[in-house]
Amino acid sequence: MAKAKNNTLKLKFDTSWQYAPAPESKSIASIKPRYELFINGEFVKPSSKKSARLNDDSRSGGYFDTINPANEEKLSEVAHANAADVDKAVKAARAAYDKVWSKMPAKERAKYIYRIARMMQERAREFAVIETLDGGKPIRESRDFDVPTAANHFFYYAGWADKLEYAFPNRTVAPVGVAGQIIPWNFPLLMAAWKIAPALATGNTVVLKPAETTPLTALKLAEIIQEADLPPGVVNIITGAGATGAAIVNHPGIDKIAFTGSTDVGKIIQRAIAGTNKKATLELGGKAANIIFEDAPLDQAVEGVINGIFFNQGHVCCAGSRLYVQESVYKTVLRKLKDRIETLIVGDPLDKNTDIGAINSKQQLETIHNYIKIGQQEGAEMYQSSCALPGKGYFCRPTLFTNVAQSSRIAQEEIFGPVLTIQTFRTEDEVIEKANNTSYGLSAGVWTDKGSKIFNMTTKMRAGVVWANTYNKFDPTSPFGGYKESGYGREGGLHGLLAYVNLV
Amino acid sequence: MAKTTSIKKTSNTFSENGHGNGNAVESKRVEVLKTYKIYIGGQFPRTESGRYYVPVNKSGKKLANVCLSSRKDFRDAMESARGAFGGWSARAAFNRGQILYRMAEMLEGRKAQFIDELIQQDSTPAQAETEVNLAIDRLIYYAGWCDKYQQIFSAVNPVASSHFNFSVPEPTGVIAIIAPQSDSLLGLVSVIAPVIAGGNTCVVLGSFDKPLCCVTFAEVLNSSDLPGGVVNILTGKPSELASWFAEHMDVNAVVYCEKDEATQKMFKEKSALNVKRVVLYDKVNWYSDAGQSPYFINDSQEIKTTWHPIENIGGGGSKY
Numbered sequence: 001m002a003k004a005k006n007n008t009l010k011l012k013f014d015t016s017w018q019y020a021p022a023p024e025s026k027s028i029a030s031i032k033p034r035y036e037l038f039i040n041g042e043f044v045k046p047s048s049k050k051s052a053r054l055n056d057d058s059r060s061g062g063y064f065d066t067i068n069p070a071n072e073e074k075l076s077e078v079a080h081a082n083a084a085d086v087d088k089a090v091k092a093a094r095a096a097y098d099k100v101w102s103k104m105p106a107k108e109r110a111k112y113i114y115r116i117a118r119m120m121q122e123r124a125r126e127f128a129v130i131e132t133l134d135g136g137k138p139i140r141e142s143r144d145f146d147v148p149t150a151a152n153h154f155f156y157y158a159g160w161a162d163k164l165e166y167a168f169p170n171r172t173v174a175p176v177g178v179a180g181q182i183i184p185w186n187f188p189l190l191m192a193a194w195k196i197a198p199a200l201a202t203g204n205t206v207v208l209k210p211a212e213t214t215p216l217t218a219l220k221l222a223e224i225i226q227e228a229d230l231p232p233g234v235v236n237i238i239t240g241a242g243a244t245g246a247a248i249v250n251h252p253g254i255d256k257i258a259f260t261g262s263t264d265v266g267k268i269i270q271r272a273i274a275g276t277n278k279k280a281t282l283e284l285g286g287k288a289a290n291i292i293f294e295d296a297p298l299d300q301a302v303e304g305v306i307n308g309i310f311f312n313q314g315h316v317c318c319a320g321s322r323l324y325v326q327e328s329v330y331k332t333v334l335r336k337l338k339d340r341i342e343t344l345i346v347g348d349p350l351d352k353n354t355d356i357g358a359i360n361s362k363q364q365l366e367t368i369h370n371y372i373k374i375g376q377q378e379g380a381e382m383y384q385s386s387c388a389l390p391g392k393g394y395f396c397r398p399t400l401f402t403n404v405a406q407s408s409r410i411a412q413e414e415i416f417g418p419v420l421t422i423q424t425f426r427t428e429d430e431v432i433e434k435a436n437n438t439s440y441g442l443s444a445g446v447w448t449d450k451g452s453k454i455f456n457m458t459t460k461m462r463a464g465v466v467w468a469n470t471y472n473k474f475d476p477t478s479p480f481g482g483y484k485e486s487g488y489g490r491e492g493g494l495h496g497l498l499a500y501v502n503l504v
Numbered sequence: 001m002a003k004t005t006s007i008k009k010t011s012n013t014f015s016e017n018g019h020g021n022g023n024a025v026e027s028k029r030v031e032v033l034k035t036y037k038i039y040i041g042g043q044f045p046r047t048e049s050g051r052y053y054v055p056v057n058k059s060g061k062k063l064a065n066v067c068l069s070s071r072k073d074f075r076d077a078m079e080s081a082r083g084a085f086g087g088w089s090a091r092a093a094f095n096r097g098q099i100l101y102r103m104a105e106m107l108e109g110r111k112a113q114f115i116d117e118l119i120q121q122d123s124t125p126a127q128a129e130t131e132v133n134l135a136i137d138r139l140i141y142y143a144g145w146c147d148k149y150q151q152i153f154s155a156v157n158p159v160a161s162s163h164f165n166f167s168v169p170e171p172t173g174v175i176a177i178i179a180p181q182s183d184s185l186l187g188l189v190s191v192i193a194p195v196i197a198g199g200n201t202c203v204v205l206g207s208f209d210k211p212l213c214c215v216t217f218a219e220v221l222n223s224s225d226l227p228g229g230v231v232n233i234l235t236g237k238p239s240e241l242a243s244w245f246a247e248h249m250d251v252n253a254v255v256y257c258e259k260d261e262a263t264q265k266m267f268k269e270k271s272a273l274n275v276k277r278v279v280l281y282d283k284v285n286w287y288s289d290a291g292q293s294p295y296f297i298n299d300s301q302e303i304k305t306t307w308h309p310i311e312n313i314g315g316g317g318s319k320y
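Each protein sequence line maps, in turn, to chains A and B. According to my numbering, numbering within the first sequence proceeds without interruption in unit steps and concludes at 504. According to my numbering, numbering within the second sequence proceeds without interruption in unit steps and concludes at 320.
To be clear, the hints were calculated from the coordinates, so they are not data collected in a lab. You may find that some hints are simply not true.
Stated by the list, open to error - Chain A side only, calculated, beta carbon under 10 angstroms to chain B, not exhaustive:
1. N170
2. A174
3. A463
4. V465
For clarity, every value in this text was computed on a predicted model and none was experimentally measured. Note that beta-carbon positions come from the ideal geometry of N, C-alpha and C, so glycine has one too.
Kindly generate the complete structure, drawing on both the sequences and the hints.
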């Protein structure tokens, strides 16, 4: 019996070579000590001056702090909108819709959206730094991905504004009215762009609420919108937490809700708007399967898996959080993965070498730690990188779990952190069953060198976005959204227009 | 009054045809009556509950002892529908078109029976004929769409990175439908056809007051090469079953066609349990041109976007 020879070289990382710190300068970011609400083209104080605890849903008002999760220092304080502020914003949006925006020729509308895109590009670096300071994501990601993609999104949809009659054959397109948009903290600026750009292009006006832990880039976007001379009230940006979001959802003047966030909150919204004529698009959670077949280019696949789960600290709804490896290559893949996570640099998000930045908030870090505990209690085997973590701030080591049962909570529930579960399979049928055995259906990944297998797999995955031999790729022209409990409606591309129009 | 006469007239006509010689009163043939049963997984069981109800037409004639389907019947039907989904959604679009066309052929062949049933259920002969003709034509219409709507609703997306990227519609899954209660045949066909043309499977509750056609339509389905379980048809009370339709955790979308706001709200509210899609057709006139379009197919489709890298090694592109 000849022993299988292993020709793969093991990389050595225990050398004395270290990356020197390469921090991006903070000086480009101008952050005011306090931000007001952007309503009707102006920054206005919240109507209640009395401060209330952020997560106290019964009260809102005053101001709340937004901190840098990488060092727990206060960056600024932002206004806490209450129901009266929401009402003001919705009324401003309605007036702007009735009097200005719905009447403006589409090509003029387009030019405003183009302006926003351009100004965003001009101030891209500043946006990137603020995004990283406020949210904890590595500067490389905010600089090379979040901000440029956000600007591109405005460019893409600007062009649609005067071409809508080509989008839906045999139908005329009418705007919906006032859109209430609630976005999460994982891609604060990009999500704002995903929401605002198609809404404006199709002739709607908006009230947008960024997440309470990452309000700054949306407020900077408000500054741009002001500079771009967008008619007052077309875009209103108000800050707050759950109670503010609920006030938007329940406001009778809202015609459409666009929400990106957790499945739990998505369900609350779906219930809340029952009995109204409000339209909705929901982009909710995910628990994507990332599948490696034995014939895959393994090094590429491992890179894809790493990107799939550790991109943006795993705070990605489409993160490839369930890895399925064909049994014959399991050992090799596992070793390569362990080697690779050992090389990931966890630390200062502003450092250009950093791969994994700060967990967005203390609360989220606790959630992740809790799931790591659950995984161990359920009998899964844990492996973590041995990297050092900064003394201050919210950080989490990249984490792998093996010996995971399909029924395990860490394989069923969305963790939203840098935690990967690994399972094995023998046949295509088996992995299709396992991959689809989830209430979610946002995304999936497939790694194989065989074309016919790719198409079999991508067709069989019950998910809205399927990446084959790649992962976590996004583009303004490419529709994004889920099956099943991952929500409904699409954002991006031609299909993303449908969310903001009525077909007549 | 006119209606009462027409029912008698129709049934006379039919019995006369049946006799061949309508002269000898003593030898009058005894008609074989049909038991109206429900349709689950390609079979015609009675409701497991044993319950029945007797719909009555305007002239007071009892139409039949009709199954009053239960929650368990619905669950059984759901199991069949889910079981049939993999096979039906994977069928070639062309083949789905062939089967829908076959359904139209079968319906055409049974035209007289449907007209008779509609007349029994208070339609005038002219109305009945129009409804049946439209129902047949609607099946043909959607048969043709089976391998075309994908081309209307898909896209190749010009992404900025070196990837090939395309978006195509795929069926949403298992759809629970409460068919239009008034247009008992045309409405039924108009909501089923786009759903199955798009590769979904479904459980359908027919008209409560006019249940005859939905059961007979099941017989059409049964003889049309439509695999068992793709369409499951129940008879019963919408007010009793609607909430089970909305709550069932394996239903991917619900279709409701009435204007009843309380039920609409209930559907939207309970559908949140597993983020069902809720499709309301309360403003559609099934007799009009607007009663059919590929957008009805699109209502039970999900858009799937697929990415694959494009190798980018060579220098310039071909110059020719």
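Hints versus structure:
With its C-beta approaching chain B no nearer than about 7 angstroms, A/N170 sits inside the 10 angstroms limit, and its interface hint holds. At about 15 angstroms, the closest approach between the beta carbon of A/A174 and any beta carbon in chain B exceeds 10 angstroms, and the interface hint on this residue is violated. Interface hint at A/A463: satisfied, since its Cβ lies 7 angstroms from the closest Cβ of chain B, which is below the 10 angstroms cut-off. Hint on A/V465 holds. Least Cβ distance to chain B is approximately 5 angstroms, under the 10 angstroms limit.
Hint 2 from the earlier list is the only one contradicted by this structure; the remaining hints agree with it.
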